[in-house]
Amino acid sequence: MKTSNKILLSVGAVAVLAACGGMGSKGGNAGFPSADQAIASSWENIPAGWEKRLVQDDTQKICSAAKDKPSKADAERVEKMNLAMKVVYPASGKLVGDWKKGEAIAQSGYGMRVGDNAPNRANGGNCYACHQMDKKELSFGTLGPGLHHYGKLRGNSEAIVKYTYDKIYNSQAFSACSNMPRFGHNAILNPEQIADLVGLLMDPASPVNQ
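Residue numbers for the sequence shown, in this note's numbering: 8 to 217.
Keep in mind that the hints were calculated from the coordinates and are not lab data. Source: prediction; values computed, not measured. One or more hints might be untrue.
Calculated cross-link-like contacts (lysine-lysine; reagent style BS3-like; alpha-carbon spacing at most 27 Å) [to be verified]:
hint, residue 1, residue 2
1, K143, K107
2, K79, K107
3, K87, K108
4, K93, K174
5, K107, K174
6, K76, K101
7, K93, K79
8, K142, K159
9, K107, K87
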């Protein structure tokens with residue numbers, strides 16, 4: 008490549024980076040929109056009710072500002088704040104559901120995406136995207152800890168069952184700025200689905216515990 012072309016490409020790259028750098032989260036710069044404005048404008052034709060997904064709650068604001076690496080004080084604040092939030096349990100009071108239904112939920116990535124609007128189709132948990140659970144499953148992510156033998160190693164005491172349910176319901180109550188979705192708090196999964204996931208993790212007959 009000729010030296011003159013290299014210079015032109017370098018100048019262009021600097022200009023692009025400068026433009027991107029000017030897109031702050033609040034105010035734009037030199038005629039460019041802010042990051043918030045750019046995101047909002049790209050969500051003009053979204054399903055009704057999705058507007059609230061553009062607004063961060065206090066937990067998300069803290070974690071975003073800290074880039075998911077909060078100080079000890081902020082981590083304690085996030086966990087305390089989320090521990091105080093209401094947890095909704097199944098109407099039956101049973102926290103350990105059907106592990107077979109739980110496995111289907113763990114395998115499903117359906118829901119909360121543009122285009123996921125099939126009537127009467129429930130959201131999935133997409134758990135295998137982040138966790139190894141069944142040793143026979145070849146496709147799994149490693150963003151989260153391995154959960155194979157989860158119940159076998161921890162037992163099935165009332166305390167561990169409740170902890171497992173609560174952690175799936177609202178992970179931020181136990182691990183500030185966790186990558187794990189707040190499945191119950193954000194109404195991604197309903198209480199019965201969360202109980203079925205607990206069953207997948209706790210039931211001795213589940214492939215997780217084989």
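| said: Against the 27 Å threshold, does the CA-CA distance of K142 and K159 hold or violate the hint? | reply: It holds: about 14 Å lies between the C-alpha atoms, which stays within 27 Å.
| Straight-line Cα separation of K107 and K174 no greater than 27 Å? | holds, 20 Å
| field | Holds or violated: K76 to K101, with C-alpha atoms at most 27 Å apart | value | violated, 35 Å
| Is the straight-line distance between the alpha-carbon of K93 and that of K174 27 Å or less? | Judged against 27 Å, a Cα distance of about 13 Å means the pair holds.
| query | Between K79 and K107, is the straight-line Cα distance small enough, at 27 Å or below? | reply | violated, 39 Å
| Pair hint K87 and K108, alpha-carbon separation not exceeding 27 Å | violated, 32 Å
| CA of K107 to CA of K87, is that 27 Å or under? | Roughly 34 Å separates the two Cα atoms, so the pair is violated.
| Holds or violated: K93 to K79, with C-alpha atoms at most 27 Å apart | Holds. K93 to K79 sits at ~24 Å (cutoff 27 Å).
| task | Sort out whether K107 lies within 27 Å of K143, counting only the CA atoms. | result | Holds, at roughly 15 Å.
Consistency with the previously given hints fails for numbers 2, 3, 6 and 9, ordered from lowest to highest.
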